[in-house]
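The hints should help you fit chain A onto chain P, whose structure is shown.
Protein chains: 2
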Amino acid sequence: MLRTTQIILILLLFSFFSCNKTNESQTKANKHTAAHPNLMLTVDGVNSIKKNLKTTPLFDQTLEQTKNEVDEQIAKGIDIPIPKDMAGGYPHTQHKINYAVMQKAGLLFQILGDEKYAAYIKEMLMGYADLYPKLNRHPETRSYARGKIFWQCLNDANWLVYTSQAYDCIYNWLSEKDRGHLEENLFRPFADFLSIETPQFFNRIHNHSTWGCVAVGMIGLVMNDDELVNRALYGIKKDGISNEALDNDGGLIKSKDGKAGFLANLDSPFSPDGYYTEGPYYHRYALYPFLIFAQALQNKKPELKIFEYKNGVLLKSVDAILNLTDEDGDFFPLNDGQKGMSYFNSSLISAVDIAYFYGNKNKQLLSIAKAQNKVQLDETGMAVALALKEDLAEPFEKSSIELTDGANGDEGAIGILRGTYKNQKLTLVMKYSAHGLSHGHFDKLSFSLYENGEEVIQDYGLSRFVNVEQKNGGGYLKENKTWAKQTIAHNTITVNQTSQYKGKFKESSKNHSEKYLFNSSNKKVQVVSAIENNAYNNVVLQRTMVLVTDTDLAAPFVLDINKIKSKNNNTYDLPFYYFGQVIGTNLKLETSFQLNTLGNTNGYQHLWKEAKAKPLNQFTQFTWLNHNKFYSISSVSETNEDYILGRIGANDPNFNLRRDPVFIHRKQNKSNTLFVNVIESHGTYNAVLELAKQSKSTIENTSIIYDDKDYTAIKIVFTNKEQRVFIISNTNPSENTKHELTIKDKHYKWVGAYYFNN
Amino acid sequence: MLRTTQIILILLLFSFFSCNKTNESQTKANKHTAAHPNLMLTVDGVNSIKKNLKTTPLFDQTLEQTKNEVDEQIAKGIDIPIPKDMAGGYPHTQHKINYAVMQKAGLLFQILGDEKYAAYIKEMLMGYADLYPKLNRHPETRSYARGKIFWQCLNDANWLVYTSQAYDCIYNWLSEKDRGHLEENLFRPFADFLSIETPQFFNRIHNHSTWGCVAVGMIGLVMNDDELVNRALYGIKKDGISNEALDNDGGLIKSKDGKAGFLANLDSPFSPDGYYTEGPYYHRYALYPFLIFAQALQNKKPELKIFEYKNGVLLKSVDAILNLTDEDGDFFPLNDGQKGMSYFNSSLISAVDIAYFYGNKNKQLLSIAKAQNKVQLDETGMAVALALKEDLAEPFEKSSIELTDGANGDEGAIGILRGTYKNQKLTLVMKYSAHGLSHGHFDKLSFSLYENGEEVIQDYGLSRFVNVEQKNGGGYLKENKTWAKQTIAHNTITVNQTSQYKGKFKESSKNHSEKYLFNSSNKKVQVVSAIENNAYNNVVLQRTMVLVTDTDLAAPFVLDINKIKSKNNNTYDLPFYYFGQVIGTNLKLETSFQLNTLGNTNGYQHLWKEAKAKPLNQFTQFTWLNHNKFYSISSVSETNEDYILGRIGANDPNFNLRRDPVFIHRKQNKSNTLFVNVIESHGTYNAVLELAKQSKSTIENTSIIYDDKDYTAIKIVFTNKEQRVFIISNTNPSENTKHELTIKDKHYKWVGAYYFNN
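Which chain is which? The protein sequence lines are P and A, in order. For the first sequence, position 82 matches number 82 in UniProt numbering, and the numbering has no gaps at all. For the second sequence, position 265 matches number 265 in UniProt numbering, and the numbering has no gaps at all.
These are calculated hints, taken from the structure and not from any lab test. None of the values given here were measured: they were computed from a predicted structure. Where hints are given, some of them may not hold.
Chain copies aren't distinguished; within one or between two, either way the pair holds.
[To be verified] Simulated crosslink set (EDC-like; lysine to aspartate or glutamate; CA at most 20 Å straight-line):
| hint | residue 1 | residue 2 |
| --- | --- | --- |
| 1 | Lys-693 | Asp-79 |
| 2 | Lys-609 | Asp-660 |
| 3 | Lys-693 | Glu-69 |
| 4 | Lys-478 | Glu-590 |
| 5 | Lys-693 | Asp-85 |
| 6 | Lys-721 | Asp-552 |
| 7 | Lys-696 | Asp-85 |
| 8 | Lys-422 | Glu-72 |
| 9 | Lys-629 | Glu-690 |
Okay, chain P solo, but in the shape it has when bound:
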């Protein structure tokens, strides 16, 4: 570690020096930027920013905040600790601060021209150049790809992506000798370490590799080293890695087609719609290197036309991820996703600004930027700030959307239905995609439901406390595998208490669900339906979900139909992970003075069985209260079936899991069968007025009035005697086919895959 007092002394000297020759140094800075910067900032870009300073509140405010933040760190002095611990610990956190502050100091040097920022970066880099050659791989051995500064190469790559930008900003300010020293002792070894020396990290299709490639590519661009840039773009040709090799999260190292490099990471995890197969949480994480490198390539190698690559997938991906958020901007926690991550994250601030600037100046993006209340300190951020000053923002309209998965968009999809009923905004997210690489869950045909930015039926997300040291150093907890990835942890059918694909990542990765239909043309009745053929041997699952937000009806609801075909007799479990307190049910619940788990494996070992019940008749209703809203599930039942009220948290010695409740519908000894449930948001409670409005379900009965291989028909009768019938064609999803069906003397005629009316 460098001595803090020494550094402060040096900085004071510099500060004195720069005070006495501000004009001279600015001239020098301008002159020296002839070729640099040219990654995120460019010479022209800097001039344009300077011209517009003090004209836009948002840019000036971000600049001011950044300056305060960096000045505060400079005042603390330079601190480069010896690498030691996992995430959350002090050296880890300090190295993260260092690269973040260097990158920002670079921007400040360019924009403000104050050499104290350049001096700070130089000293920091010199310190790292002293330290780096002495480092072996990190002492913590948990990672499949141990770094040198951090416990995993991923964090080392983060360091280089940010530091490259800082280096670019002071490149011309540094002497040639200093540059030579840094490149020889720090940057080139660093780039080789991340790539040639750690191919299992670099040569993958994975967010880790995206960071690795971008780190190598960025420093290559600064150093004008085409060999490095090409290595970044196209990967290492011969890496010698086994096809079976796994990372420490259980993910495969080698991609299916053996491709690697930055462009391969664009080809494959992104669908043509811009959906990133690992899910929005990692999409957000990979988005920053994807876009910042694209911006750098656009500046330095415009001939690559990187923003047009794969029909403009990079910009589409920004639109996709913004659509994968709830009303508050929080990402849906599909696959491994930590709840609370949102489009307020800095990588999304960067993404929104870049997408606005390099895209078609979409004014809807401006309203997101406005909510973010921060911009990227470059030309893209200035463009956004200028547009906001001119009040050009338009609301970002999140409507129903299907985002295909797979490199070619043919590996299923995420279907999002959004509906509005009076002041209630409901969002249904259904997952019928591919597995999602190493961060995927065994959750085909699962769904989650949101109302006004709150979870109604939750997706559990991951089991991890990112950067909380006490919890396994901030890394994945073992319950992520034993619980969070298992099928029973999701709102979808588990067959015979076994996870989909027997919980085998390799098998699941070979397959995906198939879209059956997605139709959001009628805003009051929107339908998504998909089929899973491979998750279980000899079982075909089809789930159809209908979001009904018709104000002619007493409440909005989701009709959920799971049609199961099998030749064998099986046990089927369909859980609904609700939140809050049970208000009422027509089930006669049996509880016990002792709690047991629901099973021994496949996630069942983590569920306590709080109560069970056999339905009293063919209509079962369950009502709960959460956040002062009343919800009900109305369910078609048979008296030989089971309902289970469970709670997460068994076999969890470290209390890693949330004690959330679940309502499970179980059918035993069934081959073909049908689960029909209606999830309804029907009432409110006001604790100040002590007023319960419509605390009871508005549904009096739900029944299956027809079901064969061709059609399934469900009738819903409301307490106000209104009724509706939903019929779906099970064989023909076409929008144009004419159908006719007679059910109990009533003749139904319609065009398209489904019918909904009275």
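Just chain A now, kept in the frame of chain P:
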């Protein structure tokens, strides 16, 4: 039920009629108000309001909202259903709407002069006058005092309190014949029913009786019936009720001194500080009749000087209840209290306006009124609105305060310590009061802790879903008795797994805790201490709590010392009802594949035992995360003691209880002993930045360095090597006494009951 179409027809006729003679009718209304109204509104008050209409935004806005609300109800037509169900059901809810709308319509008639409001009230009253003589007691038999319109007299009394005001507003507008009809068939029988015919309801010291007395008193004032007014003020002389009689909540009917009536209800449940012994939730509920009747008495019988009664206790009580709220204005759920109830409730809007007007025009009340954003539609509300228009509001300063309990202020107290540490506002609420009548809990020396309006260590509150019909008709659930009132449900010592006073209401009601000291003069170190001598035979409990918010230290904390004296060997359990997820502990937790309850009775049957542990050394630490904040309990322990992680919810077949967690420190086979715990709020988590700040406790060790009958001394060592010593004199709470004590060669000298320093 009256036919809606008939009513609409009548209203249309009236409306036509009044349109054609608006001026004439206004004159008539003015002329007729010579003597009436004279309860909440007065003739002069109405004139003054009219003069100030359209000058204050807040009054006009409230008036507009009220008009919309009432007009909407008038458009629906009159609906007087046959009484049938419990709270939450349709007839119950409709009758509540009726009286609320009548009262508002009366105000609108007076303020706006539009006769349609008078006509609406008249028709409604005529409908009730038709129905009332036909009614027997309500068919639902659960109440100890069944009403006629509602299942309990309490709601009938609500009806009359509101309806009296409506009647007052149209008194002069009605013909003498109509008045005679209403008084003979509705009002007088109604008043007699609530009092003479139901003395067990009327003649108590209880919020029920407050409503009953005020109902009778209000209608007496309107009818100029001094007999009724006196009955209200002084109760029924000979009620023939047994001294042992109980209500359906298990509360005693007869008061200790046998007194009854409105004034007795002011004498006894209110302490001289204005604390209402049932707790803030029922204080709020009783406050409206208390104040509205006081206002009416002030208008009609100013010679009573009701606002000066008992040294102005009514106005003091408004100040007291405002101090019994957290940073968001939510009441502390002491005794039976439903969470979420706050000073935004209409009775507090009324209370704040009345207290401003009849008090000393306290400008701090204006900031509460501003937050409430609504005023009472009378002279008091107009005064508040005018003052707000002139921008006179000052912040309502909630500081540390001790509110004595008991008619004479000598039955213990509620001690509230409030401290600020940077941006953290901490509030500690300690209860060492009397039992709290039928709504009291067995929770002597319990506490709760709040940070910035959020619960850190919770008081469970009641077990009830007020007005949610599915939950026992909105009434108390049996778990209120088996769980919520029991000692183990509170953050205080339970001895030998038995509740205080063996859970006997009668015994507990005879006793109260004793204040030892309350000192908030040093804002960085505030101390409250109290003693309980009677809750357990042969056990004396003293609890001392110190709120430390000294920014010289790394985090704010509460030092909690429970000193127990007993001749017998006992088991002591001290629970902390935290929220959120366990982050870490130095305990080696043992979990099981099966959950059992912690006991069979006294509330223990409702706790699941999730994990247990023996301390590994003499310092035990337990850290959790809630709402993105890290908290720890650091505890002095011995290796033969036990810690238990529990969860509420066992033996709860209807899922009435919240599944909240608890951390319990258990000492077995101890006679005299000392529990020392430090509860600390030390860190934050940001899910967008994924940044954990100070996720670990700042405390390295806590130890008892001295303990005998005279002094107890605790030493806290922080991870940054700072240390503090707290010494309390166990025998002398005086602020002036000089003390000297030598502990391990260090000599301490101080003045007052305690010492805190390094």
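Consistency of the hints with the structure:
| no. | hint | in the structure |
| --- | --- | --- |
| 1 | Lys-693 <-> Asp-79 | between (59 Å within a copy, 18 Å between copies) |
| 2 | Lys-609 <-> Asp-660 | both (12 Å within a copy, 17 Å between copies) |
| 3 | Lys-693 <-> Glu-69 | between (49 Å within a copy, 16 Å between copies) |
| 4 | Lys-478 <-> Glu-590 | between (32 Å within a copy, 18 Å between copies) |
| 5 | Lys-693 <-> Asp-85 | between (54 Å within a copy, 16 Å between copies) |
| 6 | Lys-721 <-> Asp-552 | within (12 Å within a copy, 68 Å between copies) |
| 7 | Lys-696 <-> Asp-85 | between (54 Å within a copy, 15 Å between copies) |
| 8 | Lys-422 <-> Glu-72 | between (49 Å within a copy, 19 Å between copies) |
| 9 | Lys-629 <-> Glu-690 | within (13 Å within a copy, 30 Å between copies) |
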